[in-house]
Amino acid sequence: MTGKIPIAKTYKLFINGAFPRSESGRTFSVSNPEGELIANVSHASRKDFREAVRAARAAQFPWASRTAYNRGQILYRVAEMLESRKTEFVDLLKSIGVNSRSATREIEDSIQRWVWYAGWSDKYSQILGSVNPVSGPYFNFTVPEPTGVVGIIAPTEPSMLGLISRLVPAIVSGNTVVVVSEGKSSLTSVTIGEVLATSDMPAGVVNILTGDQTDLLPWMVGHLDVNAVDISGISHETDMTLIEEAASNVKRVVSRQVNEESLELISDFLEMKTVWHPIGR
Amino acid sequence: MPTSTITFRETGSSIKVTPVDEVSLEARAASLATRSIKTTSKRAALNLAIRCMDLTTLEGADTPEKVASLCQKAKRPDPSNHDVPSVAAVCIYPEMVHHAVEATEGSNVKVASVAGAFPSGLSTIEARTADISDAVKRGADEIDIVLNRSAFLAGDEQRAFEEIVASKDACGEAHLKVILEVGELGSYDKIRQASMLAMAAGADFIKTSTGKIPQASTLPRVLCMAEAVRDFAQQTNISVGIKAAGGIRTAKQAWHYLVVIGETLGTEWLCPEMFRIGASSLLNDVLLQLKRLDSGSYSGPDYVTVD
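Residue numbers (my numbering), protein chains in the order written: chain A, -15 to 265; chain B, 14 to 320.
By construction, these hints were calculated from the structure, which means they are not laboratory data. The reader is advised that the hints may include incorrect statements.
Heads up, simulated DSSO-like pairs for lysine-lysine below, C-alpha to C-alpha not over 27 angstroms straight-line [as the list claims (entries may be wrong)]: (1) A/Lys31 / A/Lys(-4); (2) A/Lys31 / B/Lys51; (3) B/Lys55 / A/Lys31; (4) A/Lys(-4) / A/Lys78; (5) B/Lys265 / A/Lys(-4); (6) B/Lys51 / B/Lys265; (7) B/Lys88 / B/Lys265; (8) B/Lys225 / B/Lys265; (9) B/Lys150 / B/Lys88; (10) A/Lys(-12) / A/Lys70; (11) B/Lys203 / B/Lys29; (12) B/Lys265 / A/Lys31.
Given these sequences and hints, build the entire structure.
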């Protein structure tokens, strides 16, 4: 053997637990700060988005029906898988121009954050739910339920920590998501998909598309089977009137700082159900 | 398989059954499935698929109320949109026929009933024809029976043939659809042979499947049947209808079938009198596609009725 053939990774979409190319056949390229090509990445079309929503819808009820403890265990398992691929993620961030110290720190923070939310899975409902005092012979409970299918415009900066900060609080309560990543951050997003595929996460709970966020945004906010959108990662140049279409099915629209860690982020994608139960003898 | 012959019911003349080229058949079906249908053609195809649909419920748990709500849906698939046509027929068990007749009264939705020891066909021919007569008496416009695969596969084609003849007689005025259950026949040659046999015995329609086994209706199998229908028409001048049923769930699958029928048999087969799609969940997907064309954004299952 004299020379080795370089084997570059194909960055594909992550839909329903599989890695298809875009049905459009389009790709875009990601380069390092020196302008050298790192990878060609699939450019998702609206039809890929439609398929991803279909997968997310099919996965939502089974995912929410799992016990909170089981969802927590699965999320913790993902953190274990992330931990074992730490160096790969650090190298990936370095390749798109993050310096070595910041890259290591970002990956460590990301994994810590993932575990932090995993721990909340069987605890948030005790904190956010309540037993309400009412006049009359009734118990009155308020219990949180997941909103449903959530579309996430992934933050481009910081790419790893930004996505994880938006993703985990949405899925921990039983929502399923369709993430749209753009540009350089696509590389970490797709690689997170590979981590999910090798953990115990059921297919369809997390679907990751890479492409043009501005192109896909109208389809996301207009889709009647998407219950909420997280536009925290949206770029400043985006025409915000696009968001108005979200009113068509009274979609929840959430926009926050890209790098938060708080219980409130879980409650962003919860609906509160109040139940009256007669007190019998 | 060598060329065989089947004796024609009325005249005693014979029809030829030539063997099937499996590779070309599948290649042809695959190439027809790549056709892309857009905008106005897509809307026309979706509306045609609805007009040709036999909205079906064949569950042991069917109730008169479930049949009544199915009939409402058959008459007005999308209550919010008058432009959406009614389906061709509702397809149900004999016990439910009079409920369906009542619920579809005054509309052009036909009532189709399965009969004759559906889905196996394994009871005496007397019991089966009595079942058919009963369904007709209750008011069924169309009768879906099964081919006796047991006799057919055991080599007793004559018996399978005569049973269809007897069933046709029991139907009287009602249209007879013969289900071949292609997934159980084993080869395209057998599908072609069974198609010819059913048509020669007097079937008004030949139908792919009961919907009770997996791997039922596929594009090459329907193409195989469509070619049999075409060759039968050439030999006898009798045009027999064709019904695809079982496993058709998406609008895209539905228009693939329309393409296969249109390309093989011509546009005169693209009408509810000559072509049917039997399905239960397909209608909702077609309605979602139509909503998408109307509104410009994707719809979801929350916006169509629960079956």
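Okay, the hints, checked on the actual structure:
1. A hinted pair counts as satisfied when its Cα atoms are at most 27 angstroms apart, and lysine 31 of chain A with lysine -4 of chain A qualifies at roughly 15 angstroms.
2. A threshold of 27 angstroms between alpha carbons decides the hint, and for lysine 31 of chain A with lysine 51 of chain B the separation of about 14 angstroms falls inside it, so the pair holds.
3. Of the pairs offered as hints, the one joining lysine 55 of chain B and lysine 31 of chain A holds, with about 16 angstroms between alpha carbons and a cut-off of 27 angstroms not exceeded.
4. With a CA separation close to 21 angstroms, the supplied pair lysine -4 of chain A and lysine 78 of chain A stays within the 27 angstroms bound.
5. A threshold of 27 angstroms between alpha carbons decides the hint, and for lysine 265 of chain B with lysine -4 of chain A the separation of about 25 angstroms falls inside it, so the pair holds.
6. Between lysine 51 of chain B and lysine 265 of chain B the CA atoms are separated by roughly 11 angstroms; this keeps the pair inside 27 angstroms, and the hint holds.
7. With a C-alpha separation of about 23 angstroms, the suggested pairing of lysine 88 of chain B with lysine 265 of chain B holds against the 27 angstroms cut-off.
8. Restraint check for lysine 225 of chain B and lysine 265 of chain B: the C-alpha separation of about 22 angstroms stays at or below 27 angstroms, so the hint holds.
9. The straight-line distance between the Cα atoms of lysine 150 of chain B and lysine 88 of chain B is roughly 23 angstroms, inside the 27 angstroms bound, and the hint therefore holds.
10. Distance restraint check for lysine -12 of chain A and lysine 70 of chain A: the Cα-Cα separation of roughly 25 angstroms lies within the 27 angstroms cut-off, and the hinted pair is therefore satisfied.
11. A distance of roughly 14 angstroms separates the Cα atoms of lysine 203 of chain B and lysine 29 of chain B; the hinted pair therefore holds under the 27 angstroms criterion.
12. Among the hinted pairs, lysine 265 of chain B with lysine 31 of chain A is consistent with the structure: their alpha-carbon atoms are about 13 angstroms apart, no more than 27 angstroms.
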